[in-house]
Amino acid sequence: MRILRRFLKRLGSWVTRRQDEERLSAEIEEHLALETARNLLAGLPPAEARRNAVLKFGSVEAIKEDYREQRGLPFIESLFQDTRYAARRLRNSPAFSVAVLLALALGIGATTSIFSLVHAVLFKSLAVANPAELYRVGKVARCCYWGGYSQENEFSIFSYDLYKHFRDHTPGFAELAAFQAGGALFGVRRAGAAEAAQGYPGEFVSGNYFAMFGVRAYAGRLLVPADDQPGAPPAAVMSYRLWQQRYGSDPSVVGALFNLDNKPFTIVGITPPGFFGDKLRSIPPDFFLPLNTEPVVGAAADPNDVATHWLDMIGRIRPGADPKAIEADMRVELKQWLRSHWADMSANDRANFPEQTLFLAPGGAGITAMRDEYEHWLEILMLVSSFVLLIVCANVANLMLVRGMERRQQTSLSMALGAQAWRLVRQALTECLLLSIAGGAAGLAVAYACTRLILRFAFPHIAGMGAVPISASPSMPVLLFAFGVSTIAGIVFGIAPAWTATRMDPIEALRGASRSTARTDSLPRKTLVVFQAALSRIAGCLRPAHDRSAQPRKPTLRIRPGPAHHRKD
Amino acid sequence: MGEAKNKTEVQQGTLALMVLKTLDVLGPLHGYGIARRIEQISGDLLAVNQGTLYPVLLKLEQEGSIASEWGASEHNRKARFYRLTRAGRRQLRAEARDWEQTTAIIERFFAVKAEDLN
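Sequences listed follow chains A and B, in order. Note that our numbering gives residue 415 to position 369 of the first sequence, counting from 1, and the numbers run on in steps of one. Note that our numbering gives residue 97 to position 43 of the second sequence, counting from 1, and the numbers run on in steps of one.
It should be emphasised that the hints constitute simulated quantities derived from the structure, not laboratory data. Backbone N, C-alpha and C fix where the C-beta goes; we use that ideal spot for every residue, glycine too. One or more hints might be untrue.
[Said to hold, decoys possible] With a straight-line cut-off of 35 Å between C-alpha atoms, the simulated DSBU-like cross-links for lysine-lysine are:
(1) A/185 to B/132
(2) B/75 to A/102
(3) B/167 to A/55
(4) B/167 to A/110
(5) B/75 to A/185
(6) B/75 to B/132
(7) A/102 to B/167
[To be verified] Computed from the model, here is a short list of chain B residues facing chain A with C-beta under 8 Å:
(8) 84
(9) 85
(10) 86
(11) 103
(12) 106
(13) 108
(14) 125
(15) 162
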């Protein structure tokens with residue numbers, strides 16, 4: 047309580063400091079006058095009386111200093127002073143400041159943007175409720191069709207018949223949904239409109255798809271199991287993006303008739319804004335159609351064919367259910383299903399029967415086709431960018447170190463004039479922090495620009511289509527990490543020379559500094575240079591390696607225009 | 055440096071207590087008056103550095119133990135008079151008690167001789 051009160055008083059008197067200074071001067075004057083008068087009474091000559099009074103009072107300046115320290119908020123005052131001083135010093139050496147700022151901005155920016163992308167592609171969950179409860183049946187992404195009764199390593203793509211078998215026999219799942227593994231492109235035209243049909247990507251999903259993900263309609267309603275019955279009136283759900291961008295959020299779209307590949311569908315609702323489907327893809331689907339409307343639209347292969355596998359499955363397990371137990375149950379169910387089709391199986395399928403199995407994998411991130419495709423590539427990129435950050439740190443450290451060395455003489459001079467060591471170190475620290483903060487801010491801008499640039503290159507935007515659902519805004523934890531690392535490097539190497547300088551005998555330092563020729567290359571500096579060269583070399587080596595590995599895996603992320611059917615690549 | 059600082063801190067503490075006691079006994083007083091009084095009683099504590107009193111006065115005022123206002127000194131000059139506040143009186147009582155306890159304990163320790171412990 048008393049401390050708080052004192053702080054507030056101090057804050058107050060910090061504002062009124064001039065007045066306080068005058069008050070102290072007046073008090074001291076009064077004090078000296080009274081003491082002088084007493085000395086005069088004691089019989090001293092006037093000059094001597096005054097002199098004695100002053101002597102007895104002690105050093106007026108020291109008292110004033112002490113008084114000031116008690117009065118205002120000396121810490122904050124000197125912080126302002128240090129900041130002003132640091133800013134002035136940085137302005138005086140623009141080359142140094144710009145070099146450090148650029149290095150920091152590039153290092154922090156590049157690392158942050160790469161790691162943000164990595165985060166979005168490798169670790170981010172779908173925009174759905176409780177992604178931790180979701181499990182996918184199957185580990186690898188198999189696109190987009192698979193025939194027969196055996197699959198290599200694991201069953202990860204399923205026919206409609208097999209899906210229904212699992213859905214009806216696996217009580218461990220609260221909801222088990224299936225959806226098209228590939229994508230479809232529909233020629234879309236609003237019924238009655240004069241416009242030409244336009245191609246938009248869509249996806250066939252089971253009736254419980256949205257219930258399984260736990261998403262709610264932005265407008266209208268989403269698909270329900272009743273929509274996914276043979277003979278049910280054809281219904282479709284439109285993406286928020288298309289509704290907003292193409293139809294200007296027109297409320298009359300909900301309930302309107304749309305022709306998808308010349309078949310009439312009623313748009314029953316709009317998905318929520320963040321929802322981009324069950325997998326991260328370069329062009330998210332704009333229409334969701336019930337599985338049972340697949341024959342309506344008319345595909346090449348019969349979707350109801352028992353042995354045509356074209357569906358991915360994701361389910362939400364019941365709270366507390368054990369995924370391992372569900373997995374075991376489903377393996378049995380798979381074998382039962384296969385056995386029931388023994389007559390239809392080829393000799394090869396029968397031979398492979400004993401190995402047929404399946405796995406449950408965490409499905410919070412959806413079908414991770416993009417992750418599987420880019421994982422390797424991103425890991426290398428991540429490694430390179432961490433080296434870039436390290437190199438930047440070494441560079442900044444080096445620059446700071448050189449600057450500290452150059453400043454040595456001045457530091458010694460300040461020490462010789464009686465400056466406090468901690469104050470000198472604090473000045474160096476303030477300068478580092480100022481640079482770091484400015485560099486961090488610039489890094490944020492670079493990170494944002496860089497992420498946008500990479501996204502634009504990796505996923506070229508097609509006019510009228512949705513963009514890849516990866517946000518360009520940098521991931522905060524990564525930004526803070528990069529910022530923290532470079533700041534620490536800057537601070538350590540900024541303070542170190544100031545600190546060592548304050549430990550030296552000023553006289554010795556001044557003498558040495560005025561005719562310094564040797565000993566400018568200290569051990570830490572040499573080490574830094576070697577370290578930096580080594581890092582650059584490693585980063586250089588990594589680059590061709592990544593090119594080599596990326597070449598054969600060149601991703602094909604194009605939509606082929608043409609008659610709107612399923613992609614069969 | 056640490057040791058020196060410690061010493062002044064202790065000194066400041068005792069000085070603060072003396073200021074409070076002085077104001078308690080003599081009523082409102084200006085800085086010089088307090089300095090004289092302490093000098094008379096304590097001897098050399100303030101003999102060299104009467105000025106050190108002023109930062110202590112400021113601190114006490116910030117803490118609310120004393121209050122000050124301008125008034126006229128005996129020479130009809132403008133002087134700042136300090137007086138004890140109610141909080142200051144409370145603080146004085148508490149600190150005096152603490153001080154007595156501490157000195158009593160220390161006294162007992164010094165009084166103990168080796169044979170007393172056997």
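Numbered hints the structure breaks, given as an ascending list: 1, 3, 4, 5, 7, 14, 15
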